[in-house]
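Participant: Residue numbers (the working numbering), protein chains in the order written: chain D, 13 to 129; chain W, 259 to 776.
One thing to keep in mind: the hints can contain errors.
What the hints assert, rightly or not - Pairwise CB distance ranges (calculated):
| # | chain 1 | residue 1 | chain 2 | residue 2 | range |
| --- | --- | --- | --- | --- | --- |
| 1 | D | Glu-61 | W | Arg-449 | 50 to 60 angstroms |
| 2 | D | Gly-63 | W | Glu-751 | 29 to 39 angstroms |
| 3 | W | Ala-419 | D | Glu-81 | 33 to 43 angstroms |
| 4 | W | Pro-372 | D | Arg-47 | 38 to 48 angstroms |
| 5 | D | Leu-93 | W | Pro-372 | 51 to 61 angstroms |
| 6 | D | Glu-36 | W | Gly-729 | 32 to 42 angstroms |
| 7 | W | Met-531 | D | Glu-61 | 36 to 46 angstroms |
| 8 | W | Ala-589 | D | Leu-44 | 17 to 27 angstroms |
| 9 | W | Arg-422 | D | Leu-44 | 55 to 65 angstroms |
What the hints assert, rightly or not - In silico SDA-like pairs for lysine to any residue, Cα to Cα no more than 20 angstroms straight-line:
| # | chain 1 | residue 1 | chain 2 | residue 2 |
| --- | --- | --- | --- | --- |
| 10 | W | Lys-590 | D | Val-111 |
| 11 | W | Lys-474 | W | Ile-331 |
| 12 | W | Lys-446 | W | Leu-420 |
| 13 | W | Lys-590 | D | Glu-36 |
| 14 | W | Lys-474 | W | Gln-430 |
| 15 | W | Lys-446 | W | Asp-490 |
| 16 | W | Lys-590 | D | Leu-42 |
| 17 | W | Lys-590 | D | Thr-50 |
| 18 | W | Lys-474 | W | Pro-504 |
| 19 | W | Lys-383 | W | Val-456 |
| 20 | W | Lys-446 | W | Ile-494 |
| 21 | W | Lys-474 | W | Glu-271 |
| 22 | W | Lys-590 | D | Thr-40 |
| 23 | W | Lys-474 | W | Val-456 |
| 24 | W | Lys-590 | D | Leu-41 |
| 25 | W | Lys-590 | D | Asp-43 |
| 26 | W | Lys-590 | D | Ala-39 |
| 27 | W | Lys-590 | D | His-46 |
| 28 | W | Lys-383 | W | Arg-395 |
| 29 | W | Lys-446 | W | Gly-729 |
| 30 | W | Lys-446 | W | Glu-345 |
| 31 | W | Lys-446 | W | Val-424 |
| 32 | W | Lys-446 | W | Leu-492 |
| 33 | W | Lys-590 | W | Asp-565 |
| 34 | W | Lys-474 | W | Asp-565 |
| 35 | W | Lys-383 | W | Gly-433 |
| 36 | W | Lys-383 | W | Leu-500 |
| 37 | W | Lys-590 | D | Leu-49 |
| 38 | W | Lys-446 | W | Gly-493 |
| 39 | W | Lys-383 | W | Gly-676 |
FYI, nobody ran anything at the bench for these hints, they're computed from the structure.
Note that the structure is a prediction, hence the values are computed from the model and not measured.
Note that beta-carbon positions come from the ideal geometry of N, C-alpha and C, so glycine has one too.
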Amino acid sequence: MPPTSVPGTASDAIAGELEPADDELAATLLDLRHRQLTMRDHIIGQEAELGRLRAEVRHLRFENQRIHEAVRQLSAEAQALRTENTAIRTSTTWHVGRVLVAPIARVKRSRGQVGGP
Amino acid sequence: MSPRFSVVTPVYEPPLDVLQEAIDSVRTQTFPDWELVLVDDRSPSDAVRHVLRRACAADRRIRVIEREANGGIVAASNDAITAARGEFIALLDHDDLLTPDALEVMARAIDEGPEVDFLYSDENKINEHGSYQDLFRKPDWSPERLRNQMYTGHLSVLRTALVREVGGFRSQFEGSQDWDLALRISEKARRIVHIRQVLYHWRIIPGSAAGDAVAKPYAVEAGGRAVQAHLDRLGIRGRVELSPYPGALRIHREMPRERRVSIVIPTRGSSGMVWGETRTFVVEAIRSALSRTSFTNLEVVVVYDLDTPPHVLDEVRGLVPAGDLVLVAFAKPFNFSEKCNVGVLASSGDVIVLLNDDVQIRSDEWLTDLVAPLEEPDVGMTGARLLFDDGTVQHAGHVYFEGNLRHVHYGERGDVPGIFHSLTINRECSGVTAACAAMRRAVFDEVGGLTEILPVNFNDVDLSLKVRHQGYRIVWMAHAEAYHFESRTRSREVNPFEPETIESRWDVSGADPYLPAQ
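For reference, chain D alone in the conformation it holds in the complex:
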């Protein structure tokens, strides 16, 4: 219920003085409520951005781990192949084979030389 006033009395004059102040107060209040609203928007926006970035970091960490694991596996495979290669090169079979194919290899090499037959 709004306050009532009797026309032509002192209360009228006081009300007249208060009205601009009320308007100003109402405008300030409205402005503050507006700021509060936009502030909430900014907070939620920042939260959302933070959440998105955290998710991106999680994803990148996961990718990083995955790549590290792939590199580790490939290194292990390479090492195993190196070991296998060394084992082959030190085997009797490989040495015998090498002696057998050596003449053919020599012919092939000489054919590839500049000025050769």
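Here the structure of chain D is known, so what remains is to put chain W in place on it, guided by the hints.
Facilitator: The following block gives chain W in isolation, referenced to the frame of chain D:
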């Protein structure tokens, strides 16, 4: 030890070859921890029982129950549920097929979320030639959609204890007993998971529901009753009506009369040609909005630029009773978001309707249709069905996928039901346009209104994402209809900073949860 899954299959006189294929589709599952409970509902043909007995003898995980009298699908299914020993029940019809990995995929999803009580997958249909068709990529859990359409369908996997707690299938809903069960389960389920993968092939047989939704009219009617019972249980004031489109329903909700609605309309009082006649947009928007509703506890808040012609404001004053009209002068450079926010701050309603001035309401009781779902506390925002002046679709919900921010069904015919009835049923969606949207004041305040850092475009996308970020559902209301003369009032030029702002705040790089097929 009980198996993870009991595949439950009521059997009544199917073609023998398709029955065998259904059984085989379970036996060839890559996940081994299952039992298959086959209940013969006294099929007339002994050959059916012979197939079942042979299957039972071939695999110790298969159990057969032979009913002494025919009792219908509900009775047979309930017998199977009573006999089931699995932690979860998977529903398989006697002529359909599971994909080989169906149970494996379901088991993985259950392991990832121990609180899950109800899972459903995408599905397609298999025709008489063995070809697949009608791929249905379903939305993630959408309670409003389930009230309008039995979309969860196949493959449904339900926690056995919960199925027993709710009393299994009910005979009074025969024909739509699965819809009734899904609704009752959804009311109690702790978590519902959608598997974005086809795990079920629904066989089209002449006369079956897969082949023709009108083949069983009693089923449609039973579906309507099941949804009505669901609304009554939840205390949602509304009545269910059968839709002209088989398999779809329409819900007429009621709005409490004490709820006050504020319609907030930003304008600059512009005019333009529509259907060969010049109109002042805001005047026609208000006129149609008020004439198309019987709801009276409302106010109209018009936020107008200072260059708005005075006669326009006079016309507005002539349309709205003085006590229900708030005119707010806006003296700053154009910022749609700020104008809406200022209008909401000047309003007094419990519910806010944001309405562009370039709309014309088309459907009766649009306001109740749009606003009433907000009575459900987890609905944060609703949006309307908007059509261009030529009747094509302007807005049927937003879809956000792989960085794209779009209106779904944009520019398509507005007089057709759309794929899987998507243009005729209320359904959850990722976002709605602020051209005609409703929110409770509390939710609008909670999310900070429309972001003023996006003065022209995508502010409604951001608003929608904020609403969902806070855990609310957004529902597109198919029967709250308006024309939107969008292109007539401003250009659709998009500044690169606008989508960039969205992408800096939100991750919209994945699939849309509600329209994954886009």
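Participant: So the hint says 17 to 27 angstroms: do the beta-carbon atoms of W:Ala-589 and D:Leu-44 match that?
Facilitator: holds, 19 angstroms
Participant: For the range 33 to 43 angstroms, tell me whether the beta carbons of W:Ala-419 and D:Glu-81 fit it or not.
Facilitator: This hint holds: roughly 40 angstroms between Cβ atoms.
Participant: Does D:Thr-50 lie within 20 angstroms of W:Lys-590 when you go C-alpha to C-alpha?
Facilitator: holds, 16 angstroms
Participant: For D:Gly-63 and W:Glu-751, compare the CB-CB distance with the range 29 to 39 angstroms and indicate the outcome.
Facilitator: holds, 30 angstroms
Participant: Taking only the CA atoms, is the gap from W:Lys-590 to D:Leu-49 under or equal to 20 angstroms?
Facilitator: Holds - the C-alpha atoms of D:Leu-49 and W:Lys-590 are around 18 angstroms apart, at most 20 angstroms.
Participant: Is W:Lys-590 close enough to D:Ala-39, meaning Cα to Cα at most 20 angstroms?
Facilitator: holds, 16 angstroms
Participant: Do the alpha carbons of W:Lys-383 and W:Arg-395 lie within 20 angstroms of each other, as the hint requires?
Facilitator: holds, 12 angstroms
Participant: So if I understand the rule, the pair passes when the alpha-carbon distance is 20 angstroms or less; does W:Lys-474 with W:Val-456 pass?
Facilitator: violated, 25 angstroms
Participant: For W:Lys-590 and D:Glu-36, compute the direct alpha-carbon distance and say whether it is at most 20 angstroms.
Facilitator: Holds, at about 19 angstroms.
Participant: Would the hint linking W:Lys-446 and W:Ile-494 be met if the CA-CA limit is 20 angstroms?
Facilitator: Holds, at about 16 angstroms.
Participant: Are the Cα positions of W:Lys-590 and D:His-46 separated by 20 angstroms at most?
Facilitator: Within the cut-off at roughly 14 angstroms; holds.
Participant: Would you mind confirming whether the straight-line C-alpha gap from W:Lys-590 to D:Leu-42 stays at or under 20 angstroms?
Facilitator: holds, 16 angstroms
The structure does not agree with the numbered hints 1, 5, 10, 23, 34 and 36 stated previously, though it agrees with the rest.
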